[in-house]
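Chemist: Letter by letter, the chains look like this.
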Amino acid sequence: MAAFGSFALLIALALAVYNLLAGTVALRLIATGQPAAISPERLADTARRAGIAGFIAVTGAAFALLWSVFTNDFSLTYILEHSNRALNPAYKFAAMWSGQEGSLLLWAWLLAIYGFVLRLRHKTDVKLYAYAGTILAGVQTFFLLLLCFPASPFALLPAVQTIHPLGVGPAELLTLQQSGVVPMDGNGLNPLLQYPEMVIHPPMLYLGYVGFTVPFAFALGALMMRYPGEKWIKITRTWTLVTWLFLTCGIFLGMHWAYAVLGWGGYWGWDPVENASFMPWLTGTAFLHSVMMQERKGMMKSWNVWLIFSTFLLTLLGTLLTRAGLVSSVHAFAQSSIGTWFVVFMGIVLAVCIFTYIYNHNHLKTEHHLESLVSRESSFLFNNLVLLTACFVILWGTLFPILSEYVVGNKVTVGAPWYNRVAVPIGLFLILLTGVGPLLPWRAASLKSIKKNFILPVVALWVTVIVCFAAGVRPWADGQFSSGSFYALVDFAVSAAVLTAIISEFLRGAAVISRQTGRNLFSSTVLLTRRNTRRYGGYLVHIGVVIVVIGLAGSAFNRNVESELAIGDHLNIGPYQLDCTGFTQDSNALYNSEYAMLNVSKGGKYQFQMLPERRVYLSEGQPETMVSIHSTFEWDLYVVYEGSNPDTGHPIIKAILNPLVGWIWAGLIVIVLGTFIAMVPSITPATAALRVPAARVAPAEPIFKGGD
Amino acid sequence: MATPLRLTFWTRFVEVAVLAIAVCFSIGASSPTSRLADLDHRLMCQCGCSQLLGECDHVGCPDRDKELADLSADITAGMSDQQIFTAFTAKYGAVVLAAPTTHGFDLVAWIAPFAVFGAALLGTILLVRRWSGVSLVRAKAAAAGANQAALDPAESERRERIRKDTGMDGGF
Chain A
1 MAAFGSFALL IALALAVYNL LAGTVALRLI ATGQPAAISP ERLADTARRA
51 GIAGFIAVTG AAFALLWSVF TNDFSLTYIL EHSNRALNPA YKFAAMWSGQ
101 EGSLLLWAWL LAIYGFVLRL RHKTDVKLYA YAGTILAGVQ TFFLLLLCFP
151 ASPFALLPAV QTIHPLGVGP AELLTLQQSG VVPMDGNGLN PLLQYPEMVI
201 HPPMLYLGYV GFTVPFAFAL GALMMRYPGE KWIKITRTWT LVTWLFLTCG
251 IFLGMHWAYA VLGWGGYWGW DPVENASFMP WLTGTAFLHS VMMQERKGMM
301 KSWNVWLIFS TFLLTLLGTL LTRAGLVSSV HAFAQSSIGT WFVVFMGIVL
351 AVCIFTYIYN HNHLKTEHHL ESLVSRESSF LFNNLVLLTA CFVILWGTLF
401 PILSEYVVGN KVTVGAPWYN RVAVPIGLFL ILLTGVGPLL PWRAASLKSI
451 KKNFILPVVA LWVTVIVCFA AGVRPWADGQ FSSGSFYALV DFAVSAAVLT
501 AIISEFLRGA AVISRQTGRN LFSSTVLLTR RNTRRYGGYL VHIGVVIVVI
551 GLAGSAFNRN VESELAIGDH LNIGPYQLDC TGFTQDSNAL YNSEYAMLNV
601 SKGGKYQFQM LPERRVYLSE GQPETMVSIH STFEWDLYVV YEGSNPDTGH
651 PIIKAILNPL VGWIWAGLIV IVLGTFIAMV PSITPATAAL RVPAARVAPA
701 EPIFKGGD
Chain B
1 MATPLRLTFW TRFVEVAVLA IAVCFSIGAS SPTSRLADLD HRLMCQCGCS
51 QLLGECDHVG CPDRDKELAD LSADITAGMS DQQIFTAFTA KYGAVVLAAP
101 TTHGFDLVAW IAPFAVFGAA LLGTILLVRR WSGVSLVRAK AAAAGANQAA
151 LDPAESERRE RIRKDTGMDG GF
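From first to last, the protein sequence lines stand for chains A and B. In terms of this note's numbering, the first sequence opens at residue 1 and continues consecutively. In terms of this note's numbering, the second sequence opens at residue 1 and continues consecutively.
Chain A on its own, in the form it takes in the complex (with noise of 0.2 Å):
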């Protein structure tokens, strides 16, 4: 399989470059109208097929990879590093992305996944669609060559490669087992990523940053044929709808494996991985923002082309940060040199998105200006600052320890104190622009719609800081000021404000239907949203936002307390109280483990048992901690089996109450149900009416304010 993974990704190699060559003379000839040999347009689908037989190959060699790790083939340098016989089956898929060369061929997976659909749907707009399969293809080339190359997934042994260059069959390898030259067993996957989410959030998140190259070509490639109009951005719209969505369910799913195996008690630790991941997914939300403005005004057109190259750059840094070894994260399971090449490509490709810039800038000269400060238009302006003002915090607190040491030769750390007094105040500020950019219309605001549409927010922010305070949210306890609860308060207060507002733009539009349908409030909402789907889609995804920050204002107010339990033993936080009725050991092929049993009860009653548990992997003899969580709507009970007093072998429990937590993890589903129904089409109102039962049907069709 080594031979064919290889010879795979050799010839998917040459397929991109055929792609990118024959694609780049094929729409030359065309822009410039020169006579050729060959028809250009004849060319350029010869490249397109190149690119779809491209992805039939990459996909073999993942196949190889796959195969070679469900055979346990441990003449492979990869295989023999990242998984062992006793792994999980499920896990076994893990192994795939858990080292450097693994998450290329994912990456490059991925991308041919992206780019055979394209080419797919090329009828959209032939000419379009060949400049951006094209781009893809150059993209595509370079982490062919990473594979190829630095970092290929299929290298053999040491010993193996001199006995057999071309790799070894079954038998083959049994013989090299039992004379020592091939190990019998693998070093097994980092027991970090044995967790379920790590099944799934790799792919995800690699699923987001790779499917931004998609808008990337695309609006690269109506750069550099000045396409005319703002069609692309509509073509483009779903695919940035799909990558967005890919991108934020990975960064959670990673809060969530963070949450759950790390035992720290928290999910975000501002880690330069985590920071990696959130940046690209700040400008292209600013960018998913701004592309309205330009779909219904003209304007930011050079602004959102900017935002989409920043965007796509982003990923890549996120990579080379992470994959080069130049910070060191808990996230980060490969690193190695390949840096190099990083730098070299985001060069490249910076150098032509300049090019291709300066060369074309004329045409994307903007239609329209902004009428009033006070305006829709200014509001996504200042979330667009707001955006990238927090992209350029977190890019710069990430960077400043490397530039710091560049600079005064001196190593700094810029932790999570950094960011909360930094970065906070910004985010707080940005949802504050989520609840009053709806509330404005487009060009102008006067003084009487802003009173009509703030003064119910405004009511809500005061009612819900008076009601803080009555509860004991204050920003000063103990005679002590607490920025922490003085963000939470905040935070909430800002949260209800922002939800009253656009919960009132819902009721607003419902009503004028349940009116004029006679339908009732709920169905007229589904309507109302069904008629423009992108609009109330969108707000939705702004409420499982608010939803979301809501849950992490609840970090301000977590507790925990640490003890040694022998059984009979019992420690209290918060309303519960843990009783340690036994600890035990157990082993496995894969690990030993030492694990706790509470009874938890509330009240004097008993409520459920929790079981925390450590385990040694004996591959690798590194301990994981398996933590006991139980949700609920009010907080997150969060108890950790932290090891054993090895004088008396009694278990060390920290038991943490995170409030909130939960509201995150919904926050998230709001989220995803909010960007589906912005993706679905709205109903036109020709069909709306025939859905108006006949008795009922209104004269008119209600109007409504256009846009999102």
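Errors might be hidden in some of the hints.
[What the hints assert, rightly or not] With a straight-line cut-off of 30 Å between C-alpha atoms, the simulated DSBU-like cross-links for lysine-lysine are:
| no. | chain 1 | residue 1 | chain 2 | residue 2 |
| --- | --- | --- | --- | --- |
| 1 | A | K411 | B | K66 |
| 2 | A | K123 | A | K231 |
| 3 | A | K297 | A | K411 |
| 4 | A | K365 | A | K231 |
| 5 | A | K127 | A | K234 |
| 6 | B | K91 | A | K411 |
By construction, these hints were calculated from the structure, which means they are not laboratory data. Everything numeric in this text was worked out from a predicted model, so none of it was measured.
Following the hints, put chain B in place on chain A, whose structure we already have.
Modeler: Using the frame of chain A, we list chain B on its own:
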């Protein structure tokens, strides 16, 4: 007279708000326990776990207990926060601090985000104001065009000729 009065009111309002926030941030005295809880979240554990000292959850961690003991001793000895940070930096290096200091080059870490945000905010406001001005001029020009359309054809033709003759149409 109404404007200065309104300005005075808002000036006072801002002064009171700033004072209230300043008081919020400065009130309260800290006990040794709360100082420990505060300071152990401003220092990093040096065992390589990349976690804050107060959040390191490794039983048998070779550094956590030692660092916490040092911290407790420093607090008991009555050292100020700055003195404690200096002592820790001397012992473990600058990476022991969870955030850059506010001295020397480290200050840049704190200033740059707010400077960039301020500059971007100012730039956006100026841009919007400029665009608003352009839109206003265009609206006026459109209105003037509408007036011109209302003129009788002979008068309109005469104005067009004058505009061309004087080069006021911007053309050649």
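Chemist: Just to be careful, I want the Cα atoms of K411 (chain A) and K66 (chain B) compared with a cutoff of 30 Å; is the pair within it?
Modeler: holds, 22 Å
Chemist: Tell me if the straight-line CA distance from K365 (chain A) to K231 (chain A) falls inside 30 Å.
Modeler: holds, 16 Å
Chemist: Under the criterion that the straight-line Cα-Cα distance not exceed 30 Å, is the pair K91 (chain B), K411 (chain A) satisfied?
Modeler: holds, 15 Å
Chemist: Against the 30 Å threshold, does the CA-CA distance of K123 (chain A) and K231 (chain A) hold or violate the hint?
Modeler: Measuring from Cα to Cα gives roughly 14 Å; hence the hint holds.
Chemist: Is K127 (chain A) close enough to K234 (chain A), meaning Cα to Cα at most 30 Å?
Modeler: Holds - the C-alpha atoms of K234 (chain A) and K127 (chain A) are around 16 Å apart, at most 30 Å.
Chemist: Does the structure keep K297 (chain A) and K411 (chain A) at a Cα separation of 30 Å or less?
Modeler: violated, 47 Å
The earlier numbered hint that this structure contradicts is number 3, and it is the only one.
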